[in-house]
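**Q** By the UniProt record's numbering, the letter at position 279 of the sequence shown is numbered 279, and the numbering carries on one by one without gaps.
What the hints contain is simulated information worked out from the structure, not anything from laboratory work. One should not assume that every hint holds.
What the hints assert, rightly or not - Straight-line alpha carbon distances no greater than 25 Å define the calculated DMTMM-like cross-link-like pairs of lysine to aspartate or glutamate that follow:
1) Lys218 x Glu170
2) Lys267 x Glu243
3) Lys251 x Glu272
4) Lys331 x Asp130
5) Lys198 x Glu257
6) Lys8 x Glu46
7) Lys133 x Glu323
8) Lys143 x Asp72
9) Lys213 x Glu242
10) Lys231 x Glu221
11) Lys9 x Glu324
12) Lys128 x Glu89
13) Lys176 x Asp241
14) Lys144 x Glu132
15) Lys176 x Glu203
16) Lys211 x Glu199
17) Lys218 x Glu323
18) Lys168 x Glu203
19) Lys275 x Asp241
20) Lys127 x Glu329
21) Lys218 x Asp241
22) Lys176 x Asp130
23) Lys265 x Glu203
24) Lys133 x Glu89
25) Lys211 x Glu221
26) Lys211 x Asp264
27) Lys173 x Asp235
28) Lys318 x Asp290
29) Lys318 x Glu221
30) Lys231 x Glu243
31) Lys310 x Glu274
32) Lys128 x Glu323
33) Lys310 x Asp100
34) Lys231 x Glu242
35) Lys251 x Glu221
36) Lys318 x Glu89
37) Lys211 x Asp290
38) Lys275 x Glu324
39) Lys9 x Glu46
40) Lys176 x Glu140
Computed from a predicted model, the values in this text were never measured in an experiment.
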Amino acid sequence: MLLSWIMKKVTVSAPGKIHLMGEHAVVYGKPALLSAINKRLIVTIEGSKAVNSRPGLEAGEIQIRTIPQEADSYIRHAINVACRSLRKELPSIQILVKTDIPPGFHLGSSAAIAVATVGAMYYFFTKKWDLEKINALSYEVEKKMHGNPSGGDNTTVTYGGFILYQKKSESEKVFKRLFFSVPQLLNHFYLINTGRPKENTGEMVNMVSKKFKLQTSKYNELFNTNEKQVKRIVDALHNGDEETLVDAIRKGEQTLEDMGVVSDKVKPLIREIEKAGGAAKILGGGGISDGVGFLLCYHHNVKSIQPILKQYGYAIQKVILGEEGVRIETK
1 MLLSWIMKKV TVSAPGKIHL MGEHAVVYGK PALLSAINKR LIVTIEGSKA
51 VNSRPGLEAG EIQIRTIPQE ADSYIRHAIN VACRSLRKEL PSIQILVKTD
101 IPPGFHLGSS AAIAVATVGA MYYFFTKKWD LEKINALSYE VEKKMHGNPS
151 GGDNTTVTYG GFILYQKKSE SEKVFKRLFF SVPQLLNHFY LINTGRPKEN
201 TGEMVNMVSK KFKLQTSKYN ELFNTNEKQV KRIVDALHNG DEETLVDAIR
251 KGEQTLEDMG VVSDKVKPLI REIEKAGGAA KILGGGGISD GVGFLLCYHH
301 NVKSIQPILK QYGYAIQKVI LGEEGVRIET K
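Full structure from sequences and hints, please.
**A** Following this line, the structure appears as structure tokens:
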């Protein structure tokens, strides 16, 4: 007998994300400003034929192809979370995942996997599209990867655009969608690849937690200063104020360096960019022993920092902020 989900197929995509400011501090109840970016991960889920109709997949078997191939167990976890929540038995499905969001570089790869996979499974079973439900389930998935995530990454990837996010407690997470575009005057954001960090986000969050317990007063002050820069960046983007934007990114980056989440390898590059009139900061967890993943750089004339990047041997690429969140591509 054929099952109801036989030959269903759905393709869902989700964007990467960046922290404009607020990473680490957001774990301690402070607001963070995040943005979806123009890199996407695509998940296609297709139901297999009835088990007895052809050889191949058994009941409840999952066949996954990922490009690049290193997220299979995480995808399976996302599928299991979705099935448990929807009270559905695990079907026999084939999954294809393609992405241009490099994993481990603090661009929201794990959040994109969680959101796109959960979204695809949710629609696969229900033929409904509920962003609130997709976001909540994706947060549960993210706990496996990061242990104590703020929820900001999956929220940004789900809803897209700019998100002002705050986790006041485990049961009270609030976010505000900021409906503005980056003014053309300020449309000069770039990503600089400093190399994949040796530490993952969970390890960096745990490191800050240990330091916070030992130096609570110092870290509270850093978090408060970081919060001020979040608000200044929001105002600067809204008002097209380049001077405030650059200053706020610089001051926010300094708080991250004082938290100990920026490796000595990249600090000289950041200082050089600042001397040239720009600003640069880490994204997400950061790193301490080698690269920090991508730096977010702002400069109104990228040609003026090209010699600096050539000196350090780093590549730079344009990034577009405020992109669309998770969406159904085909159904």
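**Q** Holds or violated: are the alpha carbons of Lys128 and Glu89 at most 25 Å from each other?
**A** Holds: Lys128 and Glu89 sit about 18 Å apart, inside 25 Å.
**Q** Check whether the Cα positions of Lys211 and Glu199 lie no farther apart than 25 Å.
**A** holds (16 Å)
**Q** Lys144 and Glu132: Cα distance at most 25 Å?
**A** holds (20 Å)
**Q** Can the restraint linking Lys218 and Glu323 be considered satisfied, given a maximum Cα separation of 25 Å?
**A** violated (36 Å)
**Q** Check whether the Cα positions of Lys168 and Glu203 lie no farther apart than 25 Å.
**A** holds (22 Å)
**Q** Keeping to a limit of 25 Å between CA atoms, is the pair of Lys8 and Glu46 held or broken?
**A** At roughly 6 Å apart (the allowed maximum being 25 Å), Glu46 and Lys8 satisfy the hint.
**Q** Measure nothing beyond the straight line between the CA atoms of Lys211 and Glu221; if it is 25 Å or shorter, mark the hint as holding.
**A** holds (13 Å)
**Q** Check whether the Cα positions of Lys310 and Asp100 lie no farther apart than 25 Å.
**A** holds (24 Å)
**Q** Are the Cα atoms of Lys318 and Asp290 separated by 25 Å or less?
**A** holds (23 Å)
**Q** Please verify whether Lys211 and Asp264 have alpha carbons no more than 25 Å apart.
**A** holds (18 Å)
**Q** Between Lys133 and Glu323, does the CA-CA distance stay at or below 25 Å?
**A** It holds: about 21 Å lies between the C-alpha atoms, which stays within 25 Å.
**Q** For the pair we were handed, Lys318 and Glu89, check the Cα-Cα distance against 25 Å.
**A** violated (43 Å)
Going through the hint list in order, the structure does not satisfy hints 9, 15, 17, 21, 29, 36, 38.
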